[in-house]
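Using the hints, position chain X against chain V.
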Amino acid sequence: MDVVFDILSSANFWAAAIRIATPLIFGVLGALICERAGVLNLGIEGIFVAGAMAGWMAVFLGAGLWGGVLIAAVAGGLFGLLHAFLTVILGLSQHVSGIGITLLATSASYFTYRTALPNVTTPPRIVPFQPVSIPGLSDIPFVGPALFQQTPMTFLALLLVGALALVLYRTPLGLAIRAVGDNPASVEAQGLSVTGLRVGAVVLGSALMALGGAFLTMSAFDAFFFGMVNGRGWICIALVVFASWQPGKALLGALLFGAFDAFQIRLQAQIGQVVPGQVFLMMPYLLSIVALILVARRADYPRALLQPWTKGQRH
Amino acid sequence: MTDRFLVGRRLFVSAMAAGVTLAMAGVSLAQDATRVAAIWTVPVEQQWASRLHLALVAADERGDIDYVYSENITNTDYERVMREYAEQGVELIIGEAFGVEQPARAVASEYPEVSFLMGSSLPPAEPNFATFDNFIHEPSYLTGIVAGMKTETNMIGMVGGYAIPEVNRLMNAFMAGAQSVNPDVRFSVSFINSWYDPPKAKEAAFAMVDAGADILYAERFGVSDAAKERGILAIGNVIDTAADYPGTILASALWHGEPMIEKAIEDVKAGAFTASDYGIYAFMEYGGGSVIIDETLAGPEAVAAANAKEEEILAKTFTVEIDDSEPASSQ
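Protein chains in written order, with my numbering: chain V, 121 to 435; chain X, 4 to 334.
Simulated from the structure, these hints should not be mistaken for laboratory data. Here the structure is a predicted model, which means the values were calculated and not measured. You may find that some hints are simply not true.
[Unchecked claim] Residues of chain X clear of chain V, computed beta-carbon distances all greater than 10 Å:
1. Arg38
2. Phe101
3. Ser112
4. Pro130
5. Asn157
6. Ile167
7. Ser183
8. Glu261
9. Pro262
10. Val271
11. Ile283
12. Glu314
13. Thr320
14. Glu324
15. Ser328
[What the hints assert, rightly or not] Derived Cβ-Cβ restraints for the label pairs, each shown as a range:
16. X:Ser124 / V:Gly184: 43 to 51 Å
17. V:Ile409 / X:Ser124: 27 to 35 Å
18. V:Pro244 / X:Ile325: 29 to 37 Å
19. V:Asp259 / X:Pro249: 24 to 32 Å
[Unchecked claim] Which residues of chain V face chain X? A partial, calculated answer using Cβ under 7 Å:
20. Ala136
21. Thr241
22. Thr242
23. Gly347
24. Asn350
25. Arg386
26. Gln388
Backbone N, C-alpha and C fix where the C-beta goes; we use that ideal spot for every residue, glycine too.
Just chain X, with the same shape it has in the complex:
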């Protein structure tokens, strides 16, 4: 019900907007706008989805696209929603195929005229199924440098949702960054097997603080809350939550959906959309990933070290390794 309501309302609002534009300008702008639909398995507030959702909303407001979306779609319902949008003549469908890798590819192959850009752990599929993921291992490495230099107990606690490649990759990069500046640093890692259970993430974080961690890697909502309550520092991930936790967020590895979304829209408009890996647009060189450091909390030394490494990454003299294996607590 929820998704239908939203689609309906969104379309209604878009229709109203289009109507007003038509009346004012006297020309049809709607034909220039690419029709884009997004299908999210989570609410659009979720960190990961929100990065793309906001980029799409911005493109919609610029008039580049006509954006509709459905949120909270279960994996069992995912194919149906894909088909519905494809049947409606949407040109570009964006979503997440992590739980429906094969079915999503099957649907895409039935609608060759539609372009699909899906978050996926597997390679793209010809002719129209492109993939992406939030490859922000580079900024994650940089936050690791800051954390590694700042920890006094040499113990960093990390709470993740599920141990899947997307999560593991960022955690491993973070750990590698911390170890590069502090060989004595130890990690305490746990997964809560849920994307969306902040009370549980908070409990897992408390357990790490009890075990001596003085910096928490906040992969999920709830971890920074624990850090703030216990008066220690946290490392943000994907989104910038510093304003919600004053004095707590030491550094964050941010993901920006804009470069990829803009490239995809451009490709669709130019008829150049191919079944390729759009994940690279999350790399720092494309502006899809960035690091933000609280300079008062981190101090000049850590900031300088992170900045120096960032230069190396951008100059391609240093490459952050992509490691998708499941991270584990230090011995």
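So here's chain V without its partners, still in its complex pose:
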């Protein structure tokens, strides 16, 4: 048990947990907005890749880092727009369209990368976001090193959690978004556009997903690799359920997953000779499934999730 305590009591462990959680926070918030508006967005995995490529490529071609973040968001938003067109306007299957978006965005990203850089031998690098150090705050024991080893995008992610919670629960727009995913007829009766709200939510949510990808190539690492998203988008889809579609719990879920992963990496390195490494690699996913089982009983799905809306239609 000493090993476990040593790991959990180190600031570097928590710093790693937050770092691993950051792309998931973006992703889970994005998925949450889409689903709150009634649209499942399985394009998330591909949108991560698109964001990772677009943001990195923009910086590689000379844009500033925040310019890259913006371009990643726009790229994600465009794929979101396509998903919204197919699922909201045409009312097609959200599952099929989402998987299609993932395949399309993944291939299109690599296609763009290879077209722009046909002859590279090692992936070119950019100067990524650097950790923010705030004099005074960084020196606080434990919290300082855990929080201030982080890059600006991590703080953006944390800020977005609060901002999204505020908008969802404290503004008329948030009420409309929640209503459009629960009971679109009521929104229609209010004289608001169900289609407009849903399209907007999917585009915005997809833009956030892309930031999760951009974090990988612009903060966590400094180059774009095919396949580097490695399932992170899919984890977000599970985390949304774990979070019961609430931003605060989404943050908690992402941090929990980050902590599991940081924990398994350390445990594997320290007691790897006792248990096969694959057991540790399984751990974050296994624990996520257990957590899902525990919370899923009380899961409160947006009532109109997966249901296309036709104007004037009665249920």
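For chain X alone, kept in the frame of chain V given last:
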């Protein structure tokens, strides 16, 4: 889509080049060039694939071969692409059968006129399926000597992709080399179960630095980044990344695809290609493996020790053991 586009464009470029050559020389050179196709499951930037890709590109530029390739081919699609190239009349197909060992052998047996040279963990298959792998356990052993002498905390962190023979072999050789000069050295080993997730490899490396490692064995992209950020040293693998991480790469075990590629092309041209193991061309005696040491970082003692052992390997008075078992952290 990607692969088709690439093949198409590559063929187009090759066709243009051939056209220009024809116009200038007035003779057909294309008939002398062996038609070679490579099928990669990863992008050609990936360390392993890049070593062969670059050797093939060089052979193409010399005019020895006419080289086309497809990258990022999933294992589920691999057979189809093999068949496509075989149907097109390609003479030599190079690739990686690690995830498609049996299907790849089945396809090869249907095209006996085509020579197949595939990265594989299993033996060759008659009549036309030859195998290879990056057997650079010898230079890996030498980098182990350097690391074993340089570590001050006696703790070396190692991050690998998957625990498969190809990876295990090099890690085990490295560990044996380090232990041969420093019996107190301990290892912290972890695998990330991905070839291509640098952020994750970086996290695994950070965890090792936190646990006291002062040298990292960088089997994957991302590990040297962690070493550089934390101001410690790293051991490179397969490719030389020293220029990307100044002051960080202590030594690297390099793989050179040229000896094997040139031998294979020569064999195909001479009609002497057999279902044999081309893996030996990665051995140091054939020039397929080499070690590069940063002498300022390593110091004269470590360099001398590594050089002395290299002499022994080349003189065959010392053999580095091939151990494919999964390495684990020290107790």
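May I ask which of the numbered hints given earlier this structure violates, with the numbers listed in increasing order? As far as the earlier hints go, not one is violated by this structure.
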